[in-house]
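K.L.:
According to the working numbering, the residues represented by the first sequence are 78 to 692, in order.
In case anyone wonders, no lab produced these hints; they're calculated from the structure. No residue lacks a Cβ here, since even glycine has one placed at the ideal position from N, Cα and C. A couple of the hints might just be wrong.
[Unchecked claim] Taking lysine to aspartate or glutamate and the EDC-like style, the derived pairs with C-alpha atoms no more than 16 Å apart in a straight line are:
id : residue 1 : residue 2
1  : Lys611    : Asp539
2  : Lys359    : Glu406
3  : Lys340    : Glu367
4  : Lys352    : Glu503
5  : Lys646    : Glu595
6  : Lys352    : Glu364
7  : Lys156    : Glu174
8  : Lys385    : Asp539
9  : Lys340    : Asp318
10 : Lys231    : Glu265
11 : Lys359    : Asp405
12 : Lys181    : Glu160
13 : Lys636    : Asp405
14 : Lys354    : Glu406
15 : Lys646    : Glu599
16 : Lys236    : Glu115
[Claimed, not checked] Cβ pair distances, simulated, as ranges:
id : residue 1 : residue 2 : range
17 : Gly409    : Glu323    : 18 to 26 Å
18 : Asp216    : Thr136    : 53 to 61 Å
19 : Glu435    : His366    : 40 to 48 Å
20 : Ile345    : Gln484    : 25 to 33 Å
21 : Ala470    : Tyr244    : 17 to 25 Å
22 : Ser476    : Glu332    : 35 to 43 Å
23 : Gly409    : Leu102    : 27 to 35 Å
24 : Ala319    : Asp179    : 52 to 60 Å
25 : Thr136    : Ser476    : 39 to 47 Å
26 : Leu272    : Ala105    : 30 to 38 Å
27 : Gly409    : Ser296    : 14 to 22 Å
28 : Pro308    : Asn593    : 22 to 30 Å
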Amino acid sequence: MAQQQDLYAMRHSLAHIMATAVQHLWPAARFGVGPVVENGFYYDVDLGNTKLSDTDLGTIEKEMKRVIAADAPFVRSEKPIDEAIGWAKQAKQPYKEELLNDLKRAGTTIAKDLDVDELGLAADGDSKVANVSFYTDADFTDLCRGPHVTSTGKAGAFKLLRVSGAYWRGKDTNPQMQRIYGIAFATEKELKEHLAMLEEAKKRDHRRIGQELDLFTFSDLIGQGLPLWTPRGTVLRKQLDAFVQELRDEYGYEEVAIPHITKKDAYIASGHWAKFKDELFKITTREGHEFAMKPMNCPHHTQIYARKPHSYRELPVRFRETTMVYRDEQSGELAGLSRVRSITQDDAHVFCRSSQIEQEIQNIWDIVERFWSVFGIELTVRFSRHDPANGDAYIGDESMWSDAEAQIKTIIEGRVDTHYIDGLGEAAFYGPKIDFLGKDVFGRQFQASTIQLDFGQPQGFDLTCIDEKGEKERIVMIHCAINGSLERSLVLLIEQTAGRFPIWLAPEQVRIITVNQEPATEQFAQDMVVRAKKLGIRIGIDSSNESVGKKIRAAEIMKVPYTVVVGEKEIATSEVLPRIRKDLAVDAPHTSKTVDEFLKTVANEATSRVHLSSL
RNA sequence: GCCGAUGUAGCUCAGCUGGUAGAGCAGCGGUUUUGUAAACCGCGGGUCGCAGGUUCGAUCCCUGUCAUCGGCUCCA
Numbered sequence: 078m079a080q081q082q083d084l085y086a087m088r089h090s091l092a093h094i095m096a097t098a099v100q101h102l103w104p105a106a107r108f109g110v111g112p113v114v115e116n117g118f119y120y121d122v123d124l125g126n127t128k129l130s131d132t133d134l135g136t137i138e139k140e141m142k143r144v145i146a147a148d149a150p151f152v153r154s155e156k157p158i159d160e161a162i163g164w165a166k167q168a169k170q171p172y173k174e175e176l177l178n179d180l181k182r183a184g185t186t187i188a189k190d191l192d193v194d195e196l197g198l199a200a201d202g203d204s205k206v207a208n209v210s211f212y213t214d215a216d217f218t219d220l221c222r223g224p225h226v227t228s229t230g231k232a233g234a235f236k237l238l239r240v241s242g243a244y245w246r247g248k249d250t251n252p253q254m255q256r257i258y259g260i261a262f263a264t265e266k267e268l269k270e271h272l273a274m275l276e277e278a279k280k281r282d283h284r285r286i287g288q289e290l291d292l293f294t295f296s297d298l299i300g301q302g303l304p305l306w307t308p309r310g311t312v313l314r315k316q317l318d319a320f321v322q323e324l325r326d327e328y329g330y331e332e333v334a335i336p337h338i339t340k341k342d343a344y345i346a347s348g349h350w351a352k353f354k355d356e357l358f359k360i361t362t363r364e365g366h367e368f369a370m371k372p373m374n375c376p377h378h379t380q381i382y383a384r385k386p387h388s389y390r391e392l393p394v395r396f397r398e399t400t401m402v403y404r405d406e407q408s409g410e411l412a413g414l415s416r417v418r419s420i421t422q423d424d425a426h427v428f429c430r431s432s433q434i435e436q437e438i439q440n441i442w443d444i445v446e447r448f449w450s451v452f453g454i455e456l457t458v459r460f461s462r463h464d465p466a467n468g469d470a471y472i473g474d475e476s477m478w479s480d481a482e483a484q485i486k487t488i489i490e491g492r493v494d495t496h497y498i499d500g501l502g503e504a505a506f507y508g509p510k511i512d513f514l515g516k517d518v519f520g521r522q523f524q525a526s527t528i529q530l531d532f533g534q535p536q537g538f539d540l541t542c543i544d545e546k547g548e549k550e551r552i553v554m555i556h557c558a559i560n561g562s563l564e565r566s567l568v569l570l571i572e573q574t575a576g577r578f579p580i581w582l583a584p585e586q587v588r589i590i591t592v593n594q595e596p597a598t599e600q601f602a603q604d605m606v607v608r609a610k611k612l613g614i615r616i617g618i619d620s621s622n623e624s625v626g627k628k629i630r631a632a633e634i635m636k637v638p639y640t641v642v643v644g645e646k647e648i649a650t651s652e653v654l655p656r657i658r659k660d661l662a663v664d665a666p667h668t669s670k671t672v673d674e675f676l677k678t679v680a681n682e683a684t685s686r687v688h689l690s691s692l
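Start from the sequences, fold in the hints, and give me the full structure.
P.N.:
So this is what it looks like as structure tokens:
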């Protein structure tokens, strides 16, 4: 614990040292905030027209090393708030001045967009700020609560990684500052280890593996954020989806199918038009009607529900469909498969009575758990609730929201106790959500599975059932996606496995390698393929005129689970000695089997959805 | 969309401050008939992302544009 605090102080101190260096190099620099983040720190600076590029990082690092070598002490001081504001004015630090003014006005129970750590609060929990604290090192003084190391020489090992734009206080209507990022550790050794780990992470990047294993591609001609799935990648998608369908079938979901466009009217009724009209791909027909590519499936599904009256006895009605939706995301947000414009949702909608909400959510959560546990992937639960301070962003009244959220909270706490993130302001505009967050190989978090409660669309589309008294009753909708999107699932899956997919997922499960090109060998291999295909095994042959060693290597690189070399020996004995991919071979010795035995084993494994081989 | 960086063969990359491009792997052809992570020889392949401009001449300099990467913002 003490060590963690030390590291925090080091990183925080490095942020100040970096600011010191920046001030030396660009005396007119105006500073924003400079907090500690995971593995390091950053500082937001405004250098006017000077734009930093990566080459400036070296210059800043050099100056930082000079500041560190001087080993200047960090000195704490305190000023009354008004005096502090005067200081900021005099020092020509408008951003600090703004923060101090906010602090004076709002006290310590400050607006949430203020970074508390960055403010020089002298006393915690006091609603009226009397004094604020400052830290000075060398010739740089900054508003800051601390703590810091005692002197600049004790700041530890660091490296500046990058510079990027960042809006002042996170608002895109504010001026953009330059954010300089660094990582820092107590020792050089730990720093090196972290850098090595980042290099390792790059090798698992789904974009790289997607290319190496030939899973998907992008084309400038087709467009940004529109992945094209190769035969191998398509196998992965189909298998994932089949798994979800299988799970959902157990819980009474029925498959439906809808067109990919719709009239704009559907989104006006759902409420999406008002909020998301700029993010729709719009289509104007030759007769001047406005259509849009569907950005979600709920309005379509509501109309399937609404085709006829429903008795309360039929409820819950559960529709599922895996289909693409299209969203015109801003170009700068697109990234590999984790953010795309054509999103494959394994979407489902439950139409039910209020009294059925809890059971339905529990069932969905069961599916989510059963799905992800097969891959050994643990997701973080987030309770995504509305922000009462931002009422305009949501439909419905406050009491509806607080009731729904209370219900969801009880469910969450019943399942994970306190192990969830409180997502204030993360709700959908129509209702609270339970989101399941995954992390990519670089630690970037994004939503995968999601369960969403919706009171808005049943109203917008006037969805009802006939209750026990023969009267119309307003129903509730639950939206859920287990994968979230197949694209995002594949990010998690590819990076988790580094492309070493379990057998049931592997695009190519068995590869036959011929020793020579004799007709008898070819024939033996072909026979094996025919038998394998009958068992539903995905099998390939490499009968190219290359050495066995080279062909083995090629199969290894493609992470094929089973490689079988066939030649005179196999023809003579009708037995094969399968080579098993290393990660699968842990508890599966390489032993000879007859061809039929071998293929049967593979076929069993291919349906069992277990990770490890039991051959 | 905003800030910064990058864009050379299918892939990974080289190309010295302007004189129209190279390597390895992959591919194709041949020799070889191969036994569990790279046989040997040869060949083809690039309007240097695209479009303008400057210049006698542009992969290299300038402008625009498209795409990728890292952040910011956004995410039904």
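K.L.:
Which earlier hints turn out false for this structure, listed by number in ascending order?
P.N.:
1, 6, 9, 13, 17, 18 and 25
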